[in-house]
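Quick mapping for you: the protein sequence lines, in order, are chains Z and D.
Anchor point for the first sequence: position 62 equals 62 in our numbering, and the numbering is continuous, going up by one each time.
Anchor point for the second sequence: position 272 equals 272 in our numbering, and the numbering is continuous, going up by one each time.
Since the hints were made in silico from the structure, they are not lab data.
Which copy is meant is left open, because identical chains are indistinguishable; a pair holds if it fits in one copy or across any two.
Mimicking EDC-like on lysine to aspartate or glutamate, the simulated pairs with C-alpha atoms at most 16 Å apart in a straight line are: (1) K8 to D39; (2) K323 to D39; (3) K12 to D41; (4) K40 to E243; (5) K40 to E11; (6) K114 to D127.
Number of protein chains: 2
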Amino acid sequence: MNTQKPRKVSEKLLLGPGPTPVESRVLRALSEPTLGHLDKDFIAIMDETRKLLQYVFQTDNELTVAMSGTGSAGMETACVNMIERGDKVIICSHGVFGERMIDVANRCGAEVVKVAAPMGKPIDPEDVRKAIKSNPDAKIIGIVHAETSTGVLQPLDDITKAAHEAGMHMIVDAVTSLGGVEVPVDRLSLDMVYSGSQKCLGCPPGLAPVTVGPKAVDRIKRRTHKVQSWYLDLTMIMRYWGEERFYHHTAPVNMIYGLNEALRIIAEEGLENRWLRHRKNAEALWAGLEGLGLKLLVDKEYRLPSLTSVLVPEGVDEVAVRKELMNEYSIEIGAGLGDLKGKILRIGLMGSGSRKENIVLFLAALGNVLRKQGFNADIGGALQAVEKVLS
Amino acid sequence: MNTQKPRKVSEKLLLGPGPTPVESRVLRALSEPTLGHLDKDFIAIMDETRKLLQYVFQTDNELTVAMSGTGSAGMETACVNMIERGDKVIICSHGVFGERMIDVANRCGAEVVKVAAPMGKPIDPEDVRKAIKSNPDAKIIGIVHAETSTGVLQPLDDITKAAHEAGMHMIVDAVTSLGGVEVPVDRLSLDMVYSGSQKCLGCPPGLAPVTVGPKAVDRIKRRTHKVQSWYLDLTMIMRYWGEERFYHHTAPVNMIYGLNEALRIIAEEGLENRWLRHRKNAEALWAGLEGLGLKLLVDKEYRLPSLTSVLVPEGVDEVAVRKELMNEYSIEIGAGLGDLKGKILRIGLMGSGSRKENIVLFLAALGNVLRKQGFNADIGGALQAVEKVLS
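Make a model of the complete structure from these sequences and hints.
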């Protein structure tokens, strides 16, 4: 086979829904020499990584690990471990990832009760309360904290309170919030929370951080049937990440180095500083997009700092916009998913990607591209609006 | 948090059952800039990686992909896609990984018929024929080609012939053979074969190459129920790796770079040359171990070139042997698993690890360690035996 051509991996500015920019420190960590998965030096790295994950999850949960798969494996981990065939679960869906959770739960044999909100809106806690009332036999409520398909940040306080009052467990998808937005695991006693390495954590895709609260651990230990996934079975994985170091599967050693380095960067910045930076830069982006003359999908109150959805103005070809941003400026942003396909663009400002120069470059580039398409974007106004927020 | 201490990742010589030594070219590839999982440059890398996987699998199977998990995720991929609840499957078990396949198949709701052989022996095709005869309603035969827990290379020709004559499909675990030993996917029309990146392929752990033959693809397409794992559902994943590029989950981009580079190295060496190198060096290791005065677990006819099991001589503390090899020589080898715990040591010569200098260093080191434990190892004799094989 002819493999003489070098791999073409030119630098792109990743401002889509993920993966997000990975700092060179993290990339370098990936290429450290591979150790055995039971090597004592690697075990030390796992231990530190677990402590750092507890820090970003703001939790003391002992069962806090990185699953050996991407964010979707995190979702599946939550479902296969928490659900037994025939269990009734309430799943809140306000976007593609809520729908995915329903699909995954169904495959676990769950009887799913769906609580829906339109894409771009958060779930109404009142609707959840009603569902709980009509389904007192439900065991679990699943919800997406940061809906990557819309850019909605779902408030969790009321819904969690209602769930716990009814003796139900909370499964929370924090794929696009962890490390960029507060995920109040211990403050709200969230029972099972998962994320992905390639969003606000600033690591390449391939790992799914998961944290499991004490009541969820009890539930899992009391299961009457084995977890349907051997690979994601936390009853075994807790023995590998725990004192026992029981061999389960071969951990993705080099990916763990990368996550370890990415988490160190977060600890150095400080989690609160990081949330503030994501919030401030998101506000600048929002002001800038509105300055260009665009409209945002989500009401300000529920906007996710890490991912912003902007409506495609009438007459503008969104495929051409994304193509030109890539071809002319090497900027990647995301398309709409599901019912929002063709209707929105999704802009991620996550991890090291959340910085002023990216916002300014992106708005200028987007303004230019829109003008070519006949949309009279006010680039000057947009940049002025950014300055106003960030000054 | 104090994260000022550098990560301790000193070089170790990985001569265990995996992970195996990773060449610096592959480590460097891991740290290339992260691209979007739908970026055209990344798609080109995926396409090349698929072609290279077809080459190492010796197959034209279009559905040849790298699953986003470790080798065990490959096993689970095979089972969840091929098995529906209530299906009867025959699983051959001659070690820990055969037992694992039974566990995974049970979790898929299979009715498992077990055909066993003692650890260290291969499965007898006659036993499989009998099982087929008594279970004509079985749909699938699962078998481990390279049993990592014992070092047995399972002949596949007769068993595959019997399976196909009965209209059954073959699931084959090639975790520790692919890239080091012939895996005759198309020659035998093996239906579903999986492997892991961290063995003979010489890549870090984290990916599971899988290839699916046309009859297995038919079977999967004709399923009456959804695959129980969303994450490993090939009916969706084939749409991402195929022309359509349908978004499923975010591929572990940087790990794919690493696998791509590891496969390029294999293509440059040539698959047949690589098999020959693994075979020749394994024979040298076997001769050397016997030269030291040790006995091997597996009869020569069924020995796996990539992994060798040697019996721990009476009076020798195998834990101390492994500890001293690590502390004094930075060499990692593997312990026995399951019933062979404490009874054998497992030595892997895989990928770039399969080379003369590693054999000589290892035998000299092992000889020294054994002598300290009162076992009169003939180091000179061992090295002479190695020279004889390799000259």
